[in-house]
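Asker: So the sequences go chain by chain: F and D.
Mapping to the working numbering: the first sequence position 2 is 2, numbers consecutive.
Mapping to the working numbering: the second sequence position 42 is 156, numbers consecutive.
Hints were generated in silico from the structure; no laboratory data involved.
Backbone N, C-alpha and C fix where the C-beta goes; we use that ideal spot for every residue, glycine too.
Hints should not be assumed to be uniformly reliable.
What the hints assert, rightly or not - Simulated restraints, written as ranges between beta carbons of each label pair:
| id | chain 1 | residue 1 | chain 2 | residue 2 | range |
| --- | --- | --- | --- | --- | --- |
| 1 | D | Gly130 | F | Glu20 | 40 to 50 angstroms |
| 2 | F | Thr1 | D | Gly130 | 30 to 40 angstroms |
| 3 | F | Gly28 | D | Gly213 | 13 to 23 angstroms |
| 4 | F | His82 | D | Gln166 | 34 to 44 angstroms |
| 5 | F | Asp106 | D | Val128 | 24 to 34 angstroms |
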Amino acid sequence: TQTVSQSDAHVTVFEGDSVELRCNYSYGGSIYLSWYIQHHGHGLQFLLKYYSGNPVVQGVNGFEAEFSKSDSSFHLRKASVHWSDSAVYFCAVSASTNTGKLTFGDGTVLTVKP
Amino acid sequence: DPKIIQKPKYLVAVTGSEKILICEQYLGHNAMYWYRQSAKKPLEFMFSYSYQKLMDNQTASSRFQPQSSKKNHLDLQITALKPDDSATYFCASSQGTGGINTGQLYFGEGSKLTVL
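The task is simple: from the sequences and hints, build the whole structure.
Answerer: Okay, structure coming up:
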């Protein structure tokens, strides 16, 4: 069974600040890790994913995430946030099977103040 | 232009009734999914289909029945509605269900269902 934990329900920063949104997972086998963003009233949009190789992956809009096997983590970072980055961010894991099922964390609400 | 169309965007139903949520994708993808998002629970996986074949079903209740009339359609029929079914239902798609396609889904805008 895969589980995903996003320890911070809410994060508030100012525009131009850097931010890190945390994600920890538990699963015994090979997994795919991904991040999604959901603006209020809309569907989720894919940001980035990791399976193997370079543990730092680049995504859209300046987001990047770093995989750590020792910490069972896949934290999302951005060096300088914009007010439009205010949204809910979801971390997700998927076992390397053929069903396509994603297990999502509870989400982190990011608020960027001007 | 939206690539995944969900209809209706909002719907209200009475307990015991039946509703169908429509989903069409124009991304040329082979796999489609349904997820549910409610105030009580985070995004929950419900079903996955690949080439119109059921791949995974994590929905305990048979009241939820996906229907795939075409490769780019995956509707969701919900019968004997209950207030606990109130949620936003998201349709999603991906190029495939495994390999390099794993973990990268494209979501529709959702259908928000309220059951009174």
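Asker: If a hint holds in the structure, say so; if it doesn't, say that too.
Answerer: Hint check results:
1. Gly130(D) x Glu20(F): 40 to 50 angstroms: 47 angstroms, holds
2. Thr1(F) x Gly130(D): 30 to 40 angstroms: Holds, since threonine 1(F) and glycine 130(D) (Cβ atoms, about 34 angstroms apart) stay within the stated range.
3. Gly28(F) x Gly213(D): 13 to 23 angstroms: 20 angstroms, holds
4. His82(F) x Gln166(D): 34 to 44 angstroms: Distance hint for histidine 82(F), glutamine 166(D) holds at roughly 41 angstroms.
5. Asp106(F) x Val128(D): 24 to 34 angstroms: Hint holds: Cβ distance 31 angstroms, inside 24 to 34 angstroms.
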